[in-house]
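Numbering (full-length UniProt numbering), first residue to last: 1 to 300.
I should point out that these hints are in silico values taken from the structure, not numbers from a laboratory.
We treat Cβ as the ideally placed atom computed from N, Cα and C, and that holds for glycine.
Among these hints, one or two may not hold up.
[Unchecked claim] With beta-carbon atoms standing in for the labels, derived distance ranges: (1) 63 with 93: 52 to 60 angstroms; (2) 193 with 127: 17 to 25 angstroms; (3) 217 with 59: 28 to 36 angstroms; (4) 146 with 2: 18 to 26 angstroms; (5) 116 with 186: 15 to 23 angstroms; (6) 219 with 252: 43 to 51 angstroms; (7) 202 with 43: 50 to 58 angstroms; (8) 186 with 234: 41 to 49 angstroms; (9) 146 with 35: 38 to 46 angstroms; (10) 212 with 59: 22 to 30 angstroms; (11) 266 with 221: 18 to 26 angstroms.
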Amino acid sequence: MDRIDLFRIFARVVESASFTRAAATLDLPRSTVSTAIQDLETRLGTRLLARTTRRVAPTPDGAAFYEQCVRLVADIEEAEGQFRRDTTGPHGVLRVDMPGRIGRLIVAPALPDFLARHPGITIELGVTDRAVNLIEDGTDCALRVGPIHDSALIARRMGEFRLLNVASPAYLARQGTPRHPDDLPGHQAVRYASPASGRVEPWEWLQDGTLHTLTLAGRVTVNSAEALIACCLAGLGMIQVPAYDVQDHLRSGALVDLLPDWRAAPMPLTLLHPHRRHAARRVRVFADWLGALLAPLLRA
1 MDRIDLFRIF ARVVESASFT RAAATLDLPR STVSTAIQDL ETRLGTRLLA RTTRRVAPTP
61 DGAAFYEQCV RLVADIEEAE GQFRRDTTGP HGVLRVDMPG RIGRLIVAPA LPDFLARHPG
121 ITIELGVTDR AVNLIEDGTD CALRVGPIHD SALIARRMGE FRLLNVASPA YLARQGTPRH
181 PDDLPGHQAV RYASPASGRV EPWEWLQDGT LHTLTLAGRV TVNSAEALIA CCLAGLGMIQ
241 VPAYDVQDHL RSGALVDLLP DWRAAPMPLT LLHPHRRHAA RRVRVFADWL GALLAPLLRA
């Protein structure tokens with residue numbers, strides 16, 4: 001095994017804090033990863049990792065060497081990509097994570113186009129409303145809806161999703177149609193709890209440039225967009241949802257757009273990747289393709 005491969009393996013072990021997770025994301029046997037680390041430590045004459053029964057962490061020497069490894073591997077991949085550009089193009093496995101409905105409704109149906117353009121790339125697509133740890137899980141990039149708080153990740157702003165207030169005709173027949181935010185206390189919402197924090201999101205709207213919030217009554221709380229929309233269709237309450245998510249339901253009359261002058265602030269959409277200096281070329285071409293795919297659905 002050459003030194004660059006050793007560097008890649010070492011960096012992945014540090015990032016995932018686990019020999020087993022590193023082996024899984026690199027598609028290598030765990031014994032190969034363990035042997036590679038031993039070989040690297042022997043070559044350098046220093047201990048790079050501190051091992052416990054539950055976690056692997058870099059020693060002070062390991063932490064310093066990790067920073068060098070990330071830079072070296074990124075530089076080599078960048079250099080190789082420059083010379084591959086006219087022959088094989090970007091290649092390798094691209095591990096992507098994104099919210100379930102975006103993945104299912106928008107990205108998955110369009111993937112044949114991306115794969116046809118880039119025959120050297122293989123996609124591993126994760127779809128979940130739960131935020132994954134990009135570094136520990138070995139994910140190359142992740143699409144996130146909402147504010148971004150992790151400053152250790154590189155963020156590419158894709159745009160904003162416009163939010164609508166909607167309810168089913170059955171709910172409105174039973175509860176009446178709100179015409180103004182003053183009517184909201186008499187209504188019910190399907191409440192959405194963040195999968196990450198468990199916090200129930202309040203009802204929000206912009207009025208004269210000011211953000212207002214209100215905790216609405218509701219008998220059902222969900223933690224996924226799929227369940228949120230399904231419960232709304234069942235007449236269990238009003239919801240706030242990205243416009244792309246319910247266009248078909250609005251066209252068919254299964255849902256009704258409410259309070260158009262008092263909507264929540266648009267939600268930012270961001271693509272994240274963990275590498276500080278360079279993104280692998282396969283990440284860059286995917287980001288460009290995804291941006292073009294989402295553009296018609298986004299408010300720039």
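How the hints compare with the structure:
1. 63 with 93: 52 to 60 angstroms: At roughly 27 angstroms between Cβ atoms, residue 93 and residue 63 fall outside 52 to 60 angstroms, so the hint is violated.
2. 193 with 127: 17 to 25 angstroms: holds (19 angstroms)
3. 217 with 59: 28 to 36 angstroms: violated (55 angstroms)
4. 146 with 2: 18 to 26 angstroms: 42 angstroms Cβ-Cβ, so the 18 to 26 angstroms window is violated.
5. 116 with 186: 15 to 23 angstroms: violated (53 angstroms)
6. 219 with 252: 43 to 51 angstroms: Violated, at about 26 angstroms.
7. 202 with 43: 50 to 58 angstroms: holds (56 angstroms)
8. 186 with 234: 41 to 49 angstroms: violated (20 angstroms)
9. 146 with 35: 38 to 46 angstroms: Check passed, 42 angstroms falls within 38 to 46 angstroms.
10. 212 with 59: 22 to 30 angstroms: Because 52 angstroms falls outside the window, the suggested range is violated.
11. 266 with 221: 18 to 26 angstroms: holds (24 angstroms)
Hints 1, 3, 4, 5, 6, 8 and 10 from the earlier list are contradicted by this structure; the remaining hints agree with it.
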